[in-house]
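Asks: These protein sequences, in sequence, are chains V and H.
So for the first sequence, the working numbering puts the first residue at 1; every next one is plus one.
So for the second sequence, the working numbering puts the first residue at 1001; every next one is plus one.
It is worth saying that the hints were derived from the structure and are not from the lab.
These numbers were taken from a predicted model, which means no experiment stands behind them.
C-beta: ideal position from N, C-alpha, C; glycine also.
Possibly wrong hints are sitting among the right ones.
Stated by the list, open to error - Just so you have them, the derived chain H footprint on chain V, three or more residues with Cβ under 8 Å: (1) 39-50; (2) 644-658.
What the hints assert, rightly or not - Just the calculated beta-carbon pair ranges, DEER-fashion: (3) H:Gly1074 <-> V:Ala683: 33 to 39 Å; (4) V:Gly673 <-> H:Arg1020: 32 to 38 Å; (5) H:Thr1107 <-> V:Ser653: 32 to 38 Å; (6) H:Arg1056 <-> V:Ala305: 55 to 61 Å; (7) V:Gly611 <-> H:Ser1038: 27 to 33 Å; (8) H:Arg1056 <-> V:Ala311: 22 to 28 Å; (9) H:Thr1107 <-> V:Ala346: 58 to 64 Å.
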Amino acid sequence: MDVNQYLGLFLEEAREHLQTLNRCVLDLEHDPGNLQILDEIFRSAHTIKGMSATMGYAAIAELTHEMENVLDLLRKGTLKAHAGIIDTLFQCVDRLEQLVEEVVSGQSGGVEVAALSAKLAALAKGEEVPVVVSETVVPAVAEDAVKTDIALNETEEQLVNSAIAQGMQVFQLIIGIREGTLLKSVRAYMAMKALDELGDVIKTDPLVEDLEKDNFGQEFSVVLVTEIAADKVRETILSIAEIETVIAIPCASTEARVNRPQIAEKAGVAAIAETISEPAREAMKEAPKEAKAVDPAAAKAKGRALLRVDAEKLDSLLNLVGELVINKTRLQQIGLSNQLTELSEAIEQMDRVTTDLQGVVMKLRMVPVGQVFNRFPRMVRDLSHSLGKEINLIIQGEETELDRTVIDEIGDPLVHLLRNSIDHGIEKPADRTAAGKNPVGEIRLIARHEGNHVLLLVSDDGKGLKAEAIKQKALEKGLVSKAELDAMDPSDIMRLIFMSGFSTAETVTDVSGRGVGMDVVRTKIEALGGTLELDSTPGQGTRVRIRLPLTLAIIQALLIQVQAETYAIPLGSIDSTINIVPADIRTIQQQEVILLRGQIIPLVRLGRRLGIEQSNDFGEEQELYVVIVQSGDNKIGLLVDSLVGQQEIVIKSLGTILTGIKQIAGATILGDGQVVLILDVNALG
Amino acid sequence: MSEIENVSNELKLIIFKLGREEYGMDILRVQEIKRMMSITRVPSTPSFIKGVINLRGSVLPVIDLRTRLGLLEGELQDSARIIVVLVNEATVGFIVDEVVEVTTIDTTLVESAHALSTGLSTEYISGIAKAENRLFIMLNPDSIVNIQQA
C-alpha cells in the first residue's frame, strides 16, 4: 500500500496527539490519580501506535506499545504515577517527537528507542502484571454479530453452496474497527487485501465502494470462501492495526441453514471464543465510551464541521483578495476622476463586499495563540526542575487569535523571554522564602486584544532588574558612555537590555544568558511590526509587554510625496500630520526641530534621507507638511512635499535580492499599477 | 562558474545589445521580455539597481546591466527592454538596450573570458562565444545579481 498520501495526515495527527500527551502528562504530574487524564493519555498513545504501525514506523509503534502497558497499569491502579514514571513518560514523548521529526526529514535510525522501551517494560514489571481477559465483553459483541448477518442474493447463495459442496469453508467475518479510528477505509482496505490472499471474498456489507469512501460504521462484514481454518483467518486480520474484533461465523449451505438456523448462530458464538489477550486492547474497548464525556475537542468538532485546508491555498486566496483590493482602489480612482454617480454606487457596493471578503480571509488565517503557548508549560517545568526552582506558569487568553504569519514567528521570542524569567527572574525557593515571598514563583503569560493590536504580556514575580546593575554592565561592555548613562531616565536604562551584547546574568548558563537573547527578541518583534516594552521593580518582578499587529498582509497607510516619488507610511505608526511654515523650524545644535504641543520633535527632511534633492528654499509663507511618526521610542517629524491620501495597501516583499534595505519595510502596488515603497519609520529616526 | 554544461555542444542564447556590443545569456534562464515600464527607485541601494517594477502583481528588482558592467551610461531608447531572468529562485529584471535574437551556438567555440584582456570585469562573464563573424559576450546572471560583490 502506498502510504505516502497519508503522510501529511499522519504527521498532523501525530503532532496533535503528542501535544495532547505533553499537556496531559503535565496534568498527571499534578493530579496523579486522575483517571480521565490517564484515559486521555492512553487514547493518544494508542492512536499514535495504531497510525504508526499502519504507516510502517515500527519504532514509534514499539515505544507507544510499551507506554500503553505502563499506562494501563496506572489506570488499573496497580501502579502509582510516581515521579520516575512521569519523567519516563516525558522522555517517551520527547523521543516520539524526535521520531516523528525523523519521519519528516526522511532519515531513520538516528533515534534509539530500545533503552526507553526496556525502561518502560521494567516499570511495568515492577508490579504484578494482571492479565485479565474479560469474558463479559465477548457475548455482547457476539450478539451484535448475529444481528448484522449478511443477506445473500441467489447467485451468491449458489457460490456458497458450491464451495461447501467442494469441501471449502465459507465464513461470514464481522470485522470491527476501533472506535475513533481515523482512516477506517485504510484499515478496511488492508483487511480486504489480506482476505484476498486468504481466499475469495464473495460479498461485503456495506459495498466495497462504501468501504473505500469510509461510508460505514465501526464494523463491516464480508463473506469469505477459503480453504484456511477460521482461527488462522482471524489471526491474520487481527494483526492489522486498529482492527479490534474479528468474528467468524461459518456459513452453512442454504439447505442446512434453512433447517438449522439456530445452530449456525450458535456456532458463530462459539467461533469467537478466542479473545484478545493484550490488556491494552481489552482496555480500549471501554475507553471510547468514556471518551465521549471527557473530550471537549471532540464535542466541539461534532457541533461544527471543520476542514483541514492547506495553508498554501489560504495564502493564494489572500493574494487574490489582495489583487482585488488593488483593483477596487483603481476603480475608486476612476469613479472619482470621472464623477460617474452610477459607477460610484456600484463601487461602493463592491467596496463593502471586498471589505467583508477581506475580513473573512483574514479570519481564516487567524490562529489562536494557544498553539504557541501550549508548548510552554512543559518547557517551564523542565527548566525550573533543572534549575531547582519551583515555578507556576499561568497562561491566560490562549484563545486570542493572531495571523498565521505572526504566530509562526512569535514562538522563539517568547521562549527567550520565558527562559529569561525562569533563569534570571525567579529566585531559588530558599531566597524567595527569605525575601518573604511564596517559595513557588509565578510566571504569567497573557494574551489579549487591544484595539487593532494583540498584546502579549510576560511577567514574573522574581527579583526584578536593578537599574544599577544594568548601568554597570552597560559600562563594562562599552555599550554606553558614562555621560550618556547620566542623561538617561529609568525607562531608557531598562531599554539597554535590548542592546546586542548585553546580558545581566553573572554566569552564562545553557538556559539563557549568552547576551544575544533580548536583542534577538527585539529585532524579531520589530520585524513583525510590533513594539516591546520592559518594566521592572526590584524585588517584585519584571514585565515585558509585546504589542503585535493583528495582521501583516493588508494595512492602512498614508501616501505621501517627496518630489516625484510616492511613499507609503503605515497608519499605525503615524501620530498626526501638521502644517508648518518655515519659521517654525528651529535648530538645536544643527539638528532641525519643531515644537508640537510643547514637545521638541526632531525634523527629518525625508527627501534628503532617501537620497532625493529636496528644495531647501521655502517661501516665507509656504505651507510645509510634516508627518509626525513614532520611530522606536521617540517621535520624529518627517518633512514631506505633499500628502496624497489614506489608502488600504497590500504589503509585498521586495524579494530576496533587495532584503535588508534600511528605511524600506516593503512595497505595495497602487491601483494604477505603480509600485510604491513602504517606509520603515523605525529606521528613519 | 560555467554556463556551458550541456551534454550536447549546442546552447541557445538570447542575444541583446548593450551599447554597440552584443551579449548572450542562456535562454533557459529567461522568463520573459518586457518593454520598458515605470520603475520605482529604491533608496540606499547600489547604483546599478534601477529600482522595482510591478510584474503582474509581484514586485521585482531591475538591474541596469550597463551600470552593472561598468559601461558608459546612455539614454535608453525605445528599443530598450527588460529581460526577466530567474536567479536563485528569485526573478530579476535586466535592462538592456535592445534584444536582437535567439541563436544557437556551438559550445566548443566558446573561449574563456580570462584569455582575453578586455577592460570588462570578467567576473560577470562566463565566456566569449563565436558565431560566424560575430562575437557574443556571455553573461553569468548569478554573479551579476550577487550584490555582495558590488
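Asks: If a hint holds in the structure, say so; if it doesn't, say that too.
Replies: Against the structure, the hints:
With a threshold of 8 Å between beta carbons, the proposed coverage of the stretch 39-50 of chain V by chain H is violated, since 0 of its residues qualify and at least three are required. Counting residues of the stretch 644-658 of chain V whose C-beta sits closer than 8 Å to any C-beta of chain H gives 7, which meets the bar of three, so the coverage hint holds. The hinted window of 33 to 39 Å between H:Gly1074 and V:Ala683 holds, with their beta carbons roughly 35 Å apart. For V:Gly673 and H:Arg1020, the hinted distance range of 32 to 38 Å is satisfied, since their beta carbons lie about 33 Å from each other.
As the Cβ distance of H:Thr1107 to V:Ser653 is approximately 37 Å, the hint placing it in 32 to 38 Å holds. Between H:Arg1056 and V:Ala305 the beta carbon distance is about 36 Å. The supplied range of 55 to 61 Å is therefore violated. Taken as a hint, the range 27 to 33 Å is violated for the pair V:Gly611 and H:Ser1038, whose Cβ atoms sit roughly 19 Å apart. The given range of 22 to 28 Å is respected by H:Arg1056 and V:Ala311, whose C-beta atoms sit roughly 23 Å from each other.
Checked against the hint of 58 to 64 Å, the pair H:Thr1107 and V:Ala346 passes, with Cβ atoms roughly 59 Å apart.
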